[in-house]
Amino acid sequence: MKFYWRLQLLEGKRAFRKLPQILLGAVVLIGIVGTIAFCGQKLLYQDEASGRIQIAVVMDGESETVDLVLSFLEHMETVASLCSFTRTDQAKGMAMLKDGRAAALMEVPGSLVEDIISGVNTPVRVIFPKDSAVAGSLLEAVTSAGAGTLASAQYGIYAAYGLYLNYGLESELNQAYDDLNRIYLSAALNRTNLFDNESSSATGELNVAEYYLASGLVLFFLLWGITCGSFLGKDSLALSRKLRAAGIGAVKRSFGRWLNAFLVMAAGVGILALLGALFFLVWTGTWPKELLLHLPALLPAMACACALTVFLYQAAPTAGSGVLLIFCVAVGMLFLAGGFVPSAFLPGAFHTISNFLPVCWMMQSAGAFLTGEFVFWDAAILLGFTGIFGILGAFFVRREAMG
Amino acid sequence: MIKVKNIIYSYGKKRVLDGVCLTAAQGDCVAVAGANGCGKSTLLSLLAGALRPQAGEMIYGGRDAAKEKNVFQKMVGYVPQDNPLFEELTVRDNLRLWYSESPYSMEKDLSSGILSVLKLSEMLSLRVSRLSGGMKKRVSIGCALAAHPPILILDEPSAALDLICKEDIRRYLTMYLKQKGTILITTHEEAELDLCNRLYILKKGKLAERDPKLRGAALLQELA
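First to last, the sequence lines map onto chains E and Z.
Residues in the first sequence are numbered from 0 upward in steps of one, following numbering that gives the first Met the number 0.
Residues in the second sequence are numbered from 0 upward in steps of one, following numbering that gives the first Met the number 0.
This is chain E alone, in the form it adopts within the complex (with noise of 0.2 Å):
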């Protein structure tokens, strides 16, 4: 047998025997990724994501025709999955506005009802902290929003009003006010007949669960190298140097140990895939074949963050430095890939960065696990930067034999 592969044989004995070892890391580090998960859901949606808007509402005195506007809101499709209305008053309210338990604090006035059919504009006001949360700064924008579209009909309306009586029309006004207020308004409030619908998330396509499940395995990916600097360290100058005196050069080197990550990795995952599949039947009663069959979609990431890995090993003074090297890049890049915070909330300049970190595309990979849609594209952007690192491992590993 050659020596490339006696010595490729001999290196996977060293990488498969610390797969237990590995394995225990994997789960702490699961258990880590899953705390990161949680605390990003609940930064970025705080409590809405796993329930409604919670809406404060405060009435001036007792009356039965706001209480029926308040049933009706509340019963109305588009409202009722959105928002819960809760009554309260002025106090509680506001307390509830300013530890988080409510997005928005609604003061409706005891006449409201009456004063509308009597034609006096008299407004609801509604407060929002002043920290408000995304949900809560989403409703605040919808909010002024429909008040600004309401008050552009309006203003037509009192133009319109203006000109029948320069042009002494009193006689056809009270018709004139109608149609217009009936024209306007349908016009203003059934937008769909002006504008396209298009739903836009901060996640992209995948929900928020799936988002932070993709972050999560990216994060694993890139976190498993810290487990495995036993075999994947630098070799000792004397090795390297005999290494090198049998003619295995740099390139030779960084791939075997490439490879030997990457199987590791590969068997690592499928036996986690596979407990986790077998918990998934237990609790629920079916096997999850079909994300077992989207497992491929993750080799390009896999492989990314393997060549990754073994180039900062390689790039780093001691497997000590490495293992904090990895940590602190996986994080960093992660963060501005949006791993942590959705691209979206961050600023523009990180958006444009991450399109050239591999942990974009990594998130790509995973969320094509997700949701089977694989693009070729992405995977082929993924082993280039797999190419690259390789190319840079192999050039630390020739930089240490030479001394």
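Hints are supplied without guarantee of correctness; some may be wrong.
Pairwise CB distance ranges, derived in the manner of DEER restraints [stated by the list, open to error]:
1) Gly246/E <-> Glu221/Z: 34 to 44 Å
2) Ile352/E <-> Ala158/Z: 44 to 54 Å
3) Gly60/Z <-> Leu262/E: 37 to 47 Å
4) Arg214/Z <-> Lys1/E: 43 to 53 Å
Simulated from the structure, these hints should not be mistaken for laboratory data.
Glycine included, each C-beta is placed from N, C-alpha and C at the ideal position.
Using the hints, position chain Z against chain E.
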């Protein structure tokens, strides 16, 4: 067996070897002496094929090392100053890596062949990380000799070893020379210098041949 001409090697701007020439015939034991940091290990790394010279010619058994790919692998066994071993693996695994023949012939060689002097068969199942410095050195030599090379290059093989270990290694080197092997060695041990029939002194990048019987104050004067 070995002809080296005008070897040049630099680390950055610092020239460590400046036109080094060296010859060794079959059965020769050549010692290279010099002060610490003078470039002895670099020279041996070059001679073993671990480093490539920036200029010069290296002929092994009539074959040009620069032109033929496998010259070093086939002809040279190299024992670096530090141990080139996989610490997490056993002695057997480490030896198998360098042994091109079957595992059976390896075991036979270790128990009754020339390598039996190194007493490796007793520690085959032990992990290298659990071995003492002397035991590791024996394993390193065992690895270097696994392919039965005609040339053995040793970089201070006895450094920091106990007397028994030094004696075992010396005995082994004597046997190797009797079998017409060629040895290139850097050493500070007089017992190992006594094995050598040729002596080179490396000073300021230049290699000069001296009387192999040179010892004590005279040798120190040459080195200074």
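Here is what the structure says about each hint:
At roughly 37 Å, the beta carbons of Gly246/E and Glu221/Z sit within the given window of 34 to 44 Å. The hint said 44 to 54 Å for the Cβ distance between Ile352/E and Ala158/Z, and at roughly 51 Å that hint holds. For the pair Gly60/Z and Leu262/E, the beta carbons lie near 39 Å from each other, so the given range of 37 to 47 Å is met. A C-beta distance of roughly 46 Å is found between Arg214/Z and Lys1/E, which places it inside the suggested range of 43 to 53 Å.
Taken one by one, the earlier hints all hold for this structure without exception.
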